[in-house]
Amino acid sequence: MLNKNTLLTELKELIERKAYHPYLLKYLEKPSIDEDKLLLLMGLFNELEITDEERKKYILSTMLVQMALDAHENVTNTSLQDEEGGSLKNRQLTVLAGDYYSGLYYQLLSEVENIPLIRVLASAIKDINEHKILLYQKSLDEISCLIESVKAIESSLIRKVADNFNRPGWKELSANILLLNRLHNEKKSYLETGQSIIFEIVRKISFPKKERAGSLSNEQIALVLNKMDQCIAYAQDSSRQTLEKLSPQNVTLKKRIGAILEYTSITANSIVEEG
Numbered sequence: 001m002l003n004k005n006t007l008l009t010e011l012k013e014l015i016e017r018k019a020y021h022p023y024l025l026k027y028l029e030k031p032s033i034d035e036d037k038l039l040l041l042m043g044l045f046n047e048l049e050i051t052d053e054e055r056k057k058y059i060l061s062t063m064l065v066q067m068a069l070d071a072h073e074n075v076t077n078t079s080l081q082d083e084e085g086g087s088l089k090n091r092q093l094t095v096l097a098g099d100y101y102s103g104l105y106y107q108l109l110s111e112v113e114n115i116p117l118i119r120v121l122a123s124a125i126k127d128i129n130e131h132k133i134l135l136y137q138k139s140l141d142e143i144s145c146l147i148e149s150v151k152a153i154e155s156s157l158i159r160k161v162a163d164n165f166n167r168p169g170w171k172e173l174s175a176n177i178l179l180l181n182r183l184h185n186e187k188k189s190y191l192e193t194g195q196s197i198i199f200e201i202v203r204k205i206s207f208p209k210k211e212r213a214g215s216l217s218n219e220q221i222a223l224v225l226n227k228m229d230q231c232i233a234y235a236q237d238s239s240r241q242t243l244e245k246l247s248p249q250n251v252t253l254k255k256r257i258g259a260i261l262e263y264t265s266i267t268a269n270s271i272v273e274e275g
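Using the UniProt record's numbering, the letters of the sequence shown map in sequence onto residues 1 to 275.
Hints may contain errors.
[Said to hold, decoys possible] So the derived label-pair ranges between C-beta atoms look like this:
#	residue 1	residue 2	range
1	P116	L216	45 to 51 Å
2	E219	I118	50 to 56 Å
3	L216	I50	50 to 56 Å
4	Y263	L216	24 to 30 Å
5	E262	P116	35 to 41 Å
6	K255	N185	16 to 22 Å
7	N218	S189	15 to 21 Å
8	P168	D237	39 to 45 Å
9	S32	N218	20 to 26 Å
10	V251	I133	19 to 25 Å
11	E54	Q195	39 to 45 Å
12	E49	I221	51 to 57 Å
13	Q249	S32	25 to 31 Å
Derived by calculation from the structure, the hints in this document are not laboratory data. Yeah, the Cβ is synthetic: ideal placement off N, Cα and C, and Gly gets one too.
Starting from the given sequences, assemble the full structure and let the hints guide the process.
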């Protein structure tokens, strides 16, 4: 088993090298690596009795799938932009980048002859895309359904992998901490830019007769934000409970989760009890 800090640095460099494509980088930003998901995968795979080479390839493959999903997500988020000139070209190249990363993960897993894991990741991709459709069509009509969809989108890859290797504790931890991250970032996005798909869905659930967020009063906006804070508080409590079950050996991950709990606590503390 490799030292965790050494492995983290090595994996990030390995992912960047594997994902490197000079033509794509000429027009697109360097792909970002979700370090929280990387740390969760490291913790999961460090528990398994496998070779270091297999460990690296499994983690790298899963992260490449995540990067492919993120690339296609970027296209979705910019779908309303003008499709002329550079904007259209960038969108087409972003789709191509996502397909490129997907091809790399197939290649890596075929090298270690792990066809079952290819099926596991394919199943996770299917689940993620199904829940993204629900999210972007705003067809969720209950907060509990919204929470489950966000969990699926953010953590299905890790949860399916954990299931495959019979590590249920990592399913729960990844679902809770990645849900917390997404909810916090969505609220932050709304406060800074006025844009958040989660805010829009909570708004629709809370005020179904209001067609747009712009038609809400200040009091109604505050109520929607308060409901988002309640979701964040739920995710925080769930994350704390699962963190207590985490092995003391996962020092780096425990520190990171502690930091997430700390910087999201201000948001949750703004909750005003309804009733």
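Exercise. Can you name, in rising order, the numbers of the hints this structure does not satisfy?
Worked result: 8, 9, 10
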